[in-house]
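Protein sequences appear in the order of chains B and V.
Convert by adding 56 to the 1-based position in the first sequence; the result is the number in the numbering used here.
Convert by adding 59 to the 1-based position in the second sequence; the result is the number in the numbering used here.
What the hints contain is simulated information worked out from the structure, not anything from laboratory work.
One should not assume that every hint holds.
Here are the computed lysine-lysine pairs in the DSS-like style, where the Cα-Cα straight-line distance is at most 30 Å [as the list claims (entries may be wrong)]:
| no. | chain 1 | residue 1 | chain 2 | residue 2 |
| --- | --- | --- | --- | --- |
| 1 | B | K610 | V | K144 |
| 2 | V | K61 | V | K149 |
| 3 | B | K610 | V | K61 |
Counterexamples of contact, computed for chain V against chain B with all Cβ distances above 12 Å [as the list claims (entries may be wrong)]:
| no. | residue |
| --- | --- |
| 4 | A78 |
| 5 | T90 |
| 6 | V92 |
| 7 | E138 |
| 8 | E165 |
Beta carbons are placed, not taken as given, at the ideal position from N, Cα and C, and that holds for glycine.
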Amino acid sequence: MADPVATLRDELDALARAYSAGHHGRWVARRRAGLIDACLGALWERAGGPPGAALVALGGYGRRIQLPMSDVDLLILHDGVDPPEVARLVDAILYPLWDAGLVIGHAVRTPAECVAAAARLDSWTAMLDARPVAGDAAAADRAMEPVRRIARQDPTSFLDRLREAADVRAARFGSCAHLLEPDLKEGTGGLRDVASLGWIAAAVGADLEAAGLLRSRERVAVDDAEEFLVRARSAVQLLTGRRTDRLVAELQPDVAREMGFTDEPGLVAADALMRVLFEHARDVELVAGIVPQRIGAAGTPADPTTLIEGPASILAALADLAEAGAPPSAALLDAVEAVEVDDPVRWDAEVRSGFLRLLRAGAAGTRMLEVLDRLRLLTRFVPAWAGVRCRPQRDPYHRFTVDVHLLRAASQAAAAFEGAADDNDPIERETRDQIARPDAVLLGALLHDIGKVGGGGHVPIGAAIAADTLEMMGVEPDIRDLAGFLVAEHLLLADTATRRDLSDENLLLDVAARIGTPERLAALYLVTKADALATGPAAWTPWRQALIRELVAKLQRVFERGDMGRELAERLAGRTERLRALLAGEPEPEVDRFVLRMPRGYFLATEPAQVARHFRTIAPPIGANEVRTAATAGERPDTYEVLVVASDRPGLLSWIAGALAIGGISVLSAQVFTTGDGAAVDLFEVEGAFEAEITEARWREFRSTLRRAIEGSLSLEHRVEEKRRTYPPPRLRAPLTVRSHNDVSEFSTVVEVGAPDRIGLLYDVTRTFADLRLDVHLAKVATYGGRVVDTFYVRDALGRKIVDPGQLGEIERAVRERLDA
Amino acid sequence: MKLVTAIVKPHRIENVKEALRELGVSGLTTTDVEGFGRQRGHTEVYRGAEYQVDFVPKVKVEVVVEDADVDGVVDAIVEAARTGKIGDGKLWVGDVDRVIRIRTGEMGSDALSG
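Next up, chain B with everything else stripped away, as it sits in the complex:
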């Protein structure tokens, strides 16, 4: 007689070669189990097993689902009468198998020990799959009967233990239904869940379908899923040659190829494999989750009170259940599947209402959307869902498929509006009350990544798809607009906060302009948070939260102060467009850089034609000691416009003001700006102090005085004082006021000065700032009759606001004393 173990090895090898790695389905697994059965039978025969003893197959081998590298789970059952004989038997069976390199999981037990072993859930369930292979089959059946009976006698506690174990597995292995690297055996929706249906049947003591606990469609779906999972898991084991069940990313292209998947437009083969795997695992997950619930719900009226007769009533019934926190019964799902549902569904007020109720119900509601998905109905309600359904995301942040991520985001967004706000999130606490239409936030969260369809920029694609989808849903225009905006801008806050300089005022104004209103900002924050929380643990770290909250708080203050808003944004956009038209002859990169670095306040305060005139003076990069000036006729008769551009530094404005005063030029108004790259752009409206015309000689004097002052070869202090002594002080005694504010601007302290006009007034004020090492970032100077009203935005040498009350007092006092002199 040939050695049975050698024969088994040969036949297993032949079986492995007979089919390519992707085609080892259940038929092969059964064949493999059969070959092992034959080998064990021959070994038993040769060893001469004693009466009352039996060889029993357990677990997957018991179910005849024997995978290429899996353990062979064996129970050697004996009556305990003759221990040395049992030891001989065990040696005679196991040693040849071990010697041949087979991995055997074995137990040697008496019937009483079997019952004791059932205290451990995994031993218990393995024995629920028991199948006699050799020896006394009747004894084996007698030994297994009490093991089955303890499950039948108390199915509730058995089901509880199964559920607990399933929860532990879910926490440890995650899900096969949406994780990129699923464990095909232990993950939820995997083969362990398929097997659990068999254990539940054993506990119930009846066929699940006959007992009304499993619908025939569900049985078919689980059956198909098992075949696919067995093939995928076998392929993993055959390709790696190892006893492993995890379908890691690097194996996926090979497994996909072996299983016959090919690249499609927008979906590579590995993603197509994962998509089909996720679909099957979802069926298993749903059924494995719902069957125990049905047993638990037996006797309670879980059937819908609503008559299921169309798409709207399906949504209404599911929304009722979601709001009550109840599972959908088999009868309800049968009723749902019996209904004719148009593809696509025509949305009316009732469909809309049911769908929004599900979204508002948060996690319970999105679970019902998952049920719709498993029934292949969700894409009928939302056709665009087909593009993201079961689509894996291969990046370091995302753990879930696109559709699961979207459902989780919607559920997170709903949570922001439910119950108590997140205590650790002051922004959420405030923002959720600012939103008049929470439905828009829920829809925005649900659709934010709808553009992830396998190519192109997902944001613009998503914005277009979302616009169509919202149109089809027929939601009210304000909800549609806000939700569409949220999809189009869902990355704006996170990208800006983590990649851009939040102390850049232009940036804040531009982002505020793009957002438009505080409500939109609030909604965008909630979607940003929901998106991050739905992505994975790495996306909502305290680090990211701190940056995003800083940005949102700053933007809120931009809106509150009225520095930017919808009207200003439109005006700014209009002016920028006109300016670009006027500068059409200039090189475009230079114009782009100019628009980027000039403060937004400059564009708002200055007419595009004027800006276009300034362009040549301002645009070229400015040297450290360079000063550019340009004087032109002003808008009013006998006035002039003077533009001065120089590298910004504390004192610069005082030198310009002093040089003007010495040149006999009076400042009527002034606007001082600082560019993003540290150039001062100072714009003055001036008139002659003594005669209407400012001659070229006076301009020359102004320019040379300014140059010498900047170089340090001229004492302005002395010259201005000299000038002032020549002329009597003004007769008008207008009141002198100096006030500082810190709430007007995000980045500067604002000092307001009201004083009677006099020669060198602007010089005096700005000289005082320079003495105190303050930099004037922005200034507005206006003269009304004999009174001057000036506003200065100042920062310290490190570019900060002045917050120390002592220092603020010193600034006010110094300016007042200088002007009082």
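Using the hints, position chain V against chain B.
Only chain V this time, still in chain B's reference frame:
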């Protein structure tokens, strides 16, 4: 060999990476970190509600370089990370006793190059 560690503002990290790439530095490690220096934490007042911001988000950059390359790398990082405003961060340099490339077992300079 030296370990150059720098704490920089998050929005400067792309500049720093670019500058080091230009120098031919072939590997670096970045970590999202939070802390405070002279910039301190601060109290944010948000719509009337006060909340304490204890730590400021920064990015930590770590590079191991040959002794001869230290000055170039330090200058490049300082230059790339500077905005001139408070909170630009810090940089320090320390000695490195051993470096091993785990895959190949190469040590010292061999483990840094290529």
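Taking the hints in turn, this is what the structure says about them:
A C-alpha spacing of about 18 Å is found between K610 (chain B) and K144 (chain V), which places the hinted pair at or below 30 Å, so the restraint holds. At most 30 Å may separate the alpha-carbon atoms for a hinted pair to count; K61 (chain V) and K149 (chain V) meet this at roughly 16 Å. Under the criterion of a C-alpha separation no larger than 30 Å, the hint pairing K610 (chain B) with K61 (chain V) is inconsistent with the structure, at around 40 Å. Its beta-carbon lying about 17 Å from the closest one in chain B, A78 (chain V) satisfies the requirement of being farther than 12 Å from that chain.
Distance check for T90 (chain V) against chain B: the nearest CB is about 10 Å away, which does not clear 12 Å, and the non-interface claim fails. Its closest Cβ contact with chain B, about 7 Å, brings V92 (chain V) to no more than 12 Å, contrary to its assignment away from the interface. Interface exclusion of E138 (chain V) from chain B stands, the closest Cβ pair being 15 Å apart, more than 12 Å. For E165 (chain V), the requirement that its beta carbon stay farther than 12 Å from each beta carbon of chain B is met, with the minimum near 24 Å.
Going through the hint list in order, the structure does not satisfy hints 3, 5, 6.
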